[in-house]
Amino acid sequence: MRLATWNVNSLKARLQRVEDWLTDVQPDVVCLQETKLADTAFPAMTFEALGYATAHHGEGRWNGVAILSRVGLTDVQAGFDDDDAPDKEARLLWATCGGVRVASAYVPNGRALDNDHYTYKLGWLARLRAHLDLHDDPGGAVAVCGDFNIAPADADVWDPAVFEGATHVSAPERAALAELERWGLVDVFRTLQPEPGLFSWWDYRAGNFHKRHGMRIDLVMASAALADRATYAVIDRNARKGQAPSDHAPVIVDFAD
DNA sequence: ATGGTCGCGCAGCGA
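Each residue of the first sequence is one higher than the last, beginning at 86 in our numbering.
Worth flagging that the hints you see were computed from the coordinates, not collected in a lab.
Errors might be hidden in some of the hints.
[Claimed, not checked] Straight-line distance between alpha carbons at most 27 Å, and here's what the computed DSSO-like set of lysine-lysine pairs gives:
1. 97 <-> 326
2. 326 <-> 296
3. 97 <-> 173
With these hints in hand, go ahead and build the complete structure from the sequences.
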């Protein structure tokens with residue numbers, strides 16, 4: 086099974102590129118983030134024509150997550166399934182695809198360490214961990230995929246010194262990610278690709294992509310049993326090139342059956 | 001780290 090995650094930064098603006106990429110890459114399951122669409126505007130027919138069943142959880146102008154699958158798509162759950170008030174933002178979607186419990190996650194950015202949004206981010210990650218405790222089996226096949234807005238280690242940042250005191254690299258965020266690892270999730274890309282300096286996001290500004298000034302913040306977090314089946318992982322930098330790219334590149338992982 | 005750039009939607013915010 087070929088699984089991918091991609092923050093497309095508006096599916097409306099990116100649809101043709103996504104279609105072309107699906108045709109080229111032939112993924113079986115795709116998690117999309119930042120669709121920036123209402124559910125009524127989601128182009129389900131376009132993906133259906135390419136062989137994909139879909140689920141979308143959107144709100145309109147901001148956020149929005151989707152799952153595409155050509156290996157089955159059942160038991161869809163939007164957001165957190167717990168007793169708390171529903172998340173006000175459309176950032177999480179679950180479905181079972183090809184025997185894997187898949188989540189498409191768009192973790193809050195955090196903005197700055199002293200910002201309320203940072204508190205929301207940490208709470209959101211804790212709630213994700215609690216959701217896993219409630220509903221999922223760390224011994225099963227689980228893949229939480231998406232834009233985590235966290236660089237797991239300094240090797241995932243082009244210049245760690247530049248980001249001291251900033252979000253995406255702070256100890257509490259990394260601790261929240263480590264809590265997901267404690268539950269049983271593994272950063273699959275990192276297990277297959279040990280070298281530093283491999284990034285999935287580059288700011289549009291200042292020619293950062295061409296200067297290789299990026300971060301690896303898009304992750305496939307797989308349960309150990311699933312991670313053991315991973316045979317190949319790549320960040321598709323080609324998708325960040327050319328006309329009208331997203332500022333994120335897709336992360337692709339292949340799993341043996 | 002953000003002057004830089006995008007997307008949304010038509011000013012300025014969010015990333």
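- Message: So, against the hints stated earlier in the document, which numbers end up violated here?
- Response: none
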